[in-house]
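Starting from the known structure of chain A, arrange chains B and C on it as the hints suggest.
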Amino acid sequence: MGLRFRPVEATFYDQFTEQANHLVTGARILAEMLADGADHEAVAQRMRDAEHGADETTHAIIRKVNSTFITPFDREDIYALASGLDDVMDMMDEVVDMILLYEVRLMPAEVSGQVELLQRCADLTAAAMPNLRSMQSLEEYWIEINRLENAGDKNHRRILANIFSGDYKTIEVLKLKDIVEALEDAIDAFEKVANTVEQIAVKES
Amino acid sequence: MGLRFRPVEATFYDQFTEQANHLVTGARILAEMLADGADHEAVAQRMRDAEHGADETTHAIIRKVNSTFITPFDREDIYALASGLDDVMDMMDEVVDMILLYEVRLMPAEVSGQVELLQRCADLTAAAMPNLRSMQSLEEYWIEINRLENAGDKNHRRILANIFSGDYKTIEVLKLKDIVEALEDAIDAFEKVANTVEQIAVKES
Amino acid sequence: MGLRFRPVEATFYDQFTEQANHLVTGARILAEMLADGADHEAVAQRMRDAEHGADETTHAIIRKVNSTFITPFDREDIYALASGLDDVMDMMDEVVDMILLYEVRLMPAEVSGQVELLQRCADLTAAAMPNLRSMQSLEEYWIEINRLENAGDKNHRRILANIFSGDYKTIEVLKLKDIVEALEDAIDAFEKVANTVEQIAVKES
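First to last, the sequence lines map onto chains A, B and C.
Each residue of the first sequence is one higher than the last, beginning at 1 in the numbering used here.
Each residue of the second sequence is one higher than the last, beginning at 1 in the numbering used here.
Each residue of the third sequence is one higher than the last, beginning at 1 in the numbering used here.
If we strip away everything but chain A, and leave its shape as in the complex, we get (with noise of 0.2 Å):
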């Protein structure tokens, strides 16, 4: 019922969760991209799609907030999640960028469980906006996304240490640092999508 008296409110629940579903799209590209005998090209540009259209959910959003006069909660949050939810997406496009840019074709295998772990992310993360509303069942969100991060970092640590052994020539290291290091970052991204999550459940509670 009090959906009727708030339509306007309504609205920024429903485009959080179309900008976690870009996350869910783009993560899953981004795990195609790592499969054997992938087309760089081909799976590079429906990644760059899929950020186009999580840019315009982004403006979408911004719009709305100024040009909103009652939003569901404080504006500045409104902006930290979208800019949030924003900045996983260019960093997973950043990732298959670089991949296809580096011509990279031999990545240590501990990789793919990073990207793996980038998709329980993005999934969680889309499962958890609709909550936003009634603000129910997001600490076990925020709790396990901090989980996935710390396994994370542990495997990313692994991932360099690989990387690092004398394995590698160092021309390779170089590009696969770049791209083991966007990987850690769009995780570190993920995070703080759900700490602004924390914050803003803390402050309506």
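Worth flagging that the hints you see were computed from the coordinates, not collected in a lab.
Some hints could be false.
[To be verified] Below 20 Å or equal to it, Euclidean Cα-Cα: the simulated SDA-like pairs (lysine to any residue) are:
(1) K192/B / A60/A
(2) K169/B / V104/B
(3) K177/A / E103/C
(4) K192/C / E76/B
(5) K203/C / I62/B
(6) K192/A / Y79/C
(7) K154/B / D178/B
(8) K192/A / L100/A
(9) K192/B / Q15/B
(10) K177/C / E103/C
(11) K154/C / H40/B
(12) K203/C / D77/B
(13) K177/C / F164/A
Structure of chains B and C alone, referenced to chain A:
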């Protein structure tokens, strides 16, 4: 006539214009750094002076916003615009500093395209700042900056592909990658300024 | 006597002091990491513990600011100061972690100068935090931090020139550059804290 009764607000526009004019100077010095036979030490010293000048303008704006009761637009937007303009200068300064420090003499030809693009962004930004008062003609400015940033991104990718083509020694790749990424960051920083201006314009309209 | 009537505000000063004391510990552990014959695994573990301790203090401040009605200074400034102090710790932790991960044993001698400088910044910051209550003696603090940051910047440039002098293998350049840039970032992070304190002091004066 409005001006007569709001003299305090006027100075913010002057100061933002001053800040943007520092960027015009900075972009020109950066172009000189890339010229054949440039005296790297001397040019870098002039860049440092220009950067200090820009810093002083930034601090003057921050001091004013902290001590002024009525500001022409939201306090946080004034901070964002001032620090955004300051970031551009820092990044151009960093590029010049890296060229000096790494003793780089040979760069991919496309690098000069990025610097021309930075000069164009600086000119457009300096021309746009006085329009913050009337909020007129700003849309053309931010659309053009976004177009230039897209062109810069395409050029950046061509440069990276060139650097990683195998024609450069790995130690040179390491240096050149740093420099061209800093150039790309400077262009992105201009786009961020344009986004801030867009946000201010949307709020005020 | 003021304290009796504003017990809530008091704790923020205590917490900021606690946060800064974590930085003193962190800077000391970082210095131990660079000592000859240091047990890298053991020292890095202690750094991780120190970083967790700092994290807990940061979260306690964020929780408090979100649940407190009257704060001693602007809510956004409390966030900025808490996250600024937290950033310093993260960066010092990152340096230690890189030294462990990259198995770096030999570093340019000037690196220890940067670490001494970080220790000095930490001591000054810890001494300044209690003065936030009276807003006295803060100017000397931020002027001295800015002076140290300038000295650190000069030293950083000497180290980079050394690293790129041709004496190091490219793979070592890659590792050392990462480490010394992280040291520089940590010093910059101290300066950012000092700038936040300056901003708070100007507003409150």
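Going through the hints against the structure:
1. K192/B / A60/A: Answer holds: K192/B to A60/A is near 17 Å, not above 20 Å.
2. K169/B / V104/B: holds (13 Å)
3. K177/A / E103/C: holds (16 Å)
4. K192/C / E76/B: Cα-Cα ~17 Å, so holds.
5. K203/C / I62/B: OK: K203/C and I62/B at ~11 Å, within 20 Å.
6. K192/A / Y79/C: holds (15 Å)
7. K154/B / D178/B: At roughly 17 Å apart (the allowed maximum being 20 Å), D178/B and K154/B satisfy the hint.
8. K192/A / L100/A: violated (27 Å)
9. K192/B / Q15/B: Within the cut-off at roughly 18 Å; holds.
10. K177/C / E103/C: Status holds; Cα separation ~14 Å.
11. K154/C / H40/B: OK: K154/C and H40/B at ~17 Å, within 20 Å.
12. K203/C / D77/B: Distance ~17 Å between K203/C and D77/B Cα, so the pair holds.
13. K177/C / F164/A: holds (14 Å)
The earlier numbered hint that this structure contradicts is number 8, and it is the only one.
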